[in-house]
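> Now that you have both chains on their own, put them together as the hints suggest.
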Amino acid sequence: MAFSGNFMCTSFKQEVLQAKHDFTASTGDTFKLALYTNSASFTAATTAYTTSNEVSASGSYSAGGGTLTSVTPTTSGTTAFCDFADLTFTSATITARGALIYNTTTGSGSGTTNTVAVLDFTADKTSTAGDFQISFPTADASNAIIRIA
Amino acid sequence: MFMGSMDLPREKLLVDINTTNNRGFTPEELAEQCVKKIISISDNAHPGVRDQARAFSKDIEKLIAHYMQQAVQSDRTSVYNALTDAGHPQLAELIRRL
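Going line by line, the protein sequences match chains A and B. If you count the first sequence from 1, position 102 lands on 199 in my numbering, and the numbers rise without skipping. If you count the second sequence from 1, position 4 lands on -6 in my numbering, and the numbers rise without skipping.
Here chain B stands alone, though its shape is the one from the complex (with noise of 0.2 Å):
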């Protein structure tokens, strides 16, 4: 006889919920799950593999958070040069200060 289970463990937070108030989420902050999706380092793994690993997710972190830092600069003035077209340079300046 075959039996196959679907069932989703009863009593365990399956999703991550993340939240922010009053403002997005930080390039650091989407780094950081960015590399949760990218590498899954098993806390059963061999020690010296396991730390590399660990380290190797860091230097991923901060190199995914420096180009998303990257982007929203960049889209920042995308938007600025879209304001000031549109006649609205007092909001294109407000949005280059963020």
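For reference, chain A alone in the conformation it holds in the complex (with noise of 0.2 Å):
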């Protein structure tokens, strides 16, 4: 079992018709990132947040990850996406494949754990005591993490 890409979870395509995430900042869902091993095995059919392979707390990083800013979405001709400030884990010895992204907000009838997308970090990634960033990329229409196009 290991990492095997990068994924939109197909829960979460059908969850964003049924208006059950809200990206908006401040205002909207409270989205986490979680840290995996690279004995997760996670695809498009992850549906839930899980501590099964997750890595150990450490430093600032500890069971469910860290709490995502969002970056309110926005337009750039037909594609619409969103964006997170990077998250940034310190003092931490943390040895991470991949991440999870998921939502913790029940506000529109989703759990606490949903999941958002699965990323790969297509190595493992370590930090000994120090810090582990995780750094998103440019928020535009061809590199912003989550986009509809």
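Some clues are possibly wrong.
Lysine-lysine pairs mimicking DSBU-like chemistry, simulated, CA-CA at most 35 Å apart [stated by the list, open to error]:
no. : chain 1 : residue 1 : chain 2 : residue 2
1   : B       : Lys48     : B       : Lys26
2   : B       : Lys27     : B       : Lys48
3   : B       : Lys52     : A       : Lys129
4   : B       : Lys27     : A       : Lys222
5   : B       : Lys52     : A       : Lys117
6   : A       : Lys222    : A       : Lys110
7   : A       : Lys129    : A       : Lys110
8   : B       : Lys48     : A       : Lys117
9   : A       : Lys110    : B       : Lys52
10  : B       : Lys26     : B       : Lys52
11  : B       : Lys27     : B       : Lys2
12  : A       : Lys110    : B       : Lys27
13  : B       : Lys52     : B       : Lys2
14  : A       : Lys222    : B       : Lys2
15  : A       : Lys110    : B       : Lys48
16  : A       : Lys222    : A       : Lys129
17  : A       : Lys129    : A       : Lys117
18  : B       : Lys2      : B       : Lys48
19  : A       : Lys117    : B       : Lys2
20  : B       : Lys2      : B       : Lys26
21  : A       : Lys110    : B       : Lys2
22  : B       : Lys52     : B       : Lys27
23  : A       : Lys129    : B       : Lys27
24  : A       : Lys222    : B       : Lys52
25  : A       : Lys222    : B       : Lys48
26  : A       : Lys222    : B       : Lys26
27  : A       : Lys117    : A       : Lys222
28  : B       : Lys26     : A       : Lys117
29  : A       : Lys129    : B       : Lys26
These are calculated hints, taken from the structure and not from any lab test.
Structure follows, in structure tokens:
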């Protein structure tokens, strides 16, 4: 079992059409990012956050991962997209191969673990008593992490 | 028929992962990351424009690093005073010398 690429979760696509996710900054839902070892096996069929194979708590990283700061969705041309601020876990000893982004807000009928996307780091990334930072791509129509084209 | 797509590139590294060992990020490292957020330069841009943009981004990076260094020093002054006021002058001095 191992990471096998990036996936926008199929359940998320359905839930977007059911208005179960709100990415609006400040007033929208709370999204989190959890880190996993390469023993995790996620695909587009992954529907929920799990503690199985999540990296151990260290420094500012605790079970469930860190809260993402969402940037209100916007558009460019015919593409809509949204972004997250970079996330840093400090004073942490972590080896992670990938991550899950999930929604913890129940407000619109979703649960507290509904997945959004699976991110594959393509190799193990390690911090030792240091910082572990996830830096999201440029927020534009070609690169933003979540886009509807 | 409308066909929208939300799928992610399967094999590509979508996010940058930056890590450190036994230290935090330096102002220079953070300034480099900060500039990437501010200025995006296409590899397909006209060479003249591209070179000018790259030179500009390097200048901005140095400026941001400078002010980040000042912020770190200024914060240490605040921490130094807080520790001194709390009766920990030796610890305060340790922080000041970092």
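> Need the status of pair Lys222 of chain A, Lys26 of chain B: alpha-carbon distance at most 35 Å?
Given that 35 Å is the threshold and the Cα spacing comes to 21 Å, the pair holds.
> Take a quick look at whether Lys129 of chain A and Lys117 of chain A sit within 35 Å of each other, Cα to Cα.
Between Lys129 of chain A and Lys117 of chain A the Cα gap is close to 15 Å, so the pair holds against 35 Å.
> Straight-line Cα separation of Lys110 of chain A and Lys48 of chain B no greater than 35 Å?
Answer violated: Lys110 of chain A to Lys48 of chain B is near 40 Å, above 35 Å.
> When you check the alpha-carbon spacing of Lys48 of chain B and Lys26 of chain B, does it fall within 35 Å?
Roughly 10 Å separates the two Cα atoms, so the pair holds.
> Is the Cα-Cα distance between Lys110 of chain A and Lys27 of chain B 35 Å or less?
28 Å, holds
> Take a quick look at whether Lys222 of chain A and Lys48 of chain B sit within 35 Å of each other, Cα to Cα.
27 Å, holds
> Tell me if the straight-line CA distance from Lys26 of chain B to Lys52 of chain B falls inside 35 Å.
13 Å, holds
> Has the given pair, Lys27 of chain B with Lys2 of chain B, been kept, meaning a C-alpha gap of at most 35 Å?
Holds, because 19 Å separates the two Cα atoms, which is no more than 35 Å.
> Is the hinted pair Lys2 of chain B and Lys26 of chain B satisfied, with a Cα-Cα distance of at most 35 Å?
Holds, at roughly 19 Å.
> Mind checking the alpha carbons of Lys222 of chain A and Lys2 of chain B for me, to see if they're no more than 35 Å apart?
15 Å, holds
> If you draw a straight line from the CA of Lys117 of chain A to the CA of Lys2 of chain B, is it 35 Å or shorter?
28 Å, holds
> Take the C-alpha atoms of Lys129 of chain A and Lys110 of chain A, compute the straight-line distance between them, and say whether it is at most 35 Å.
18 Å, holds
Hints 5, 8, 9, 15 from the earlier list are contradicted by this structure; the remaining hints agree with it.
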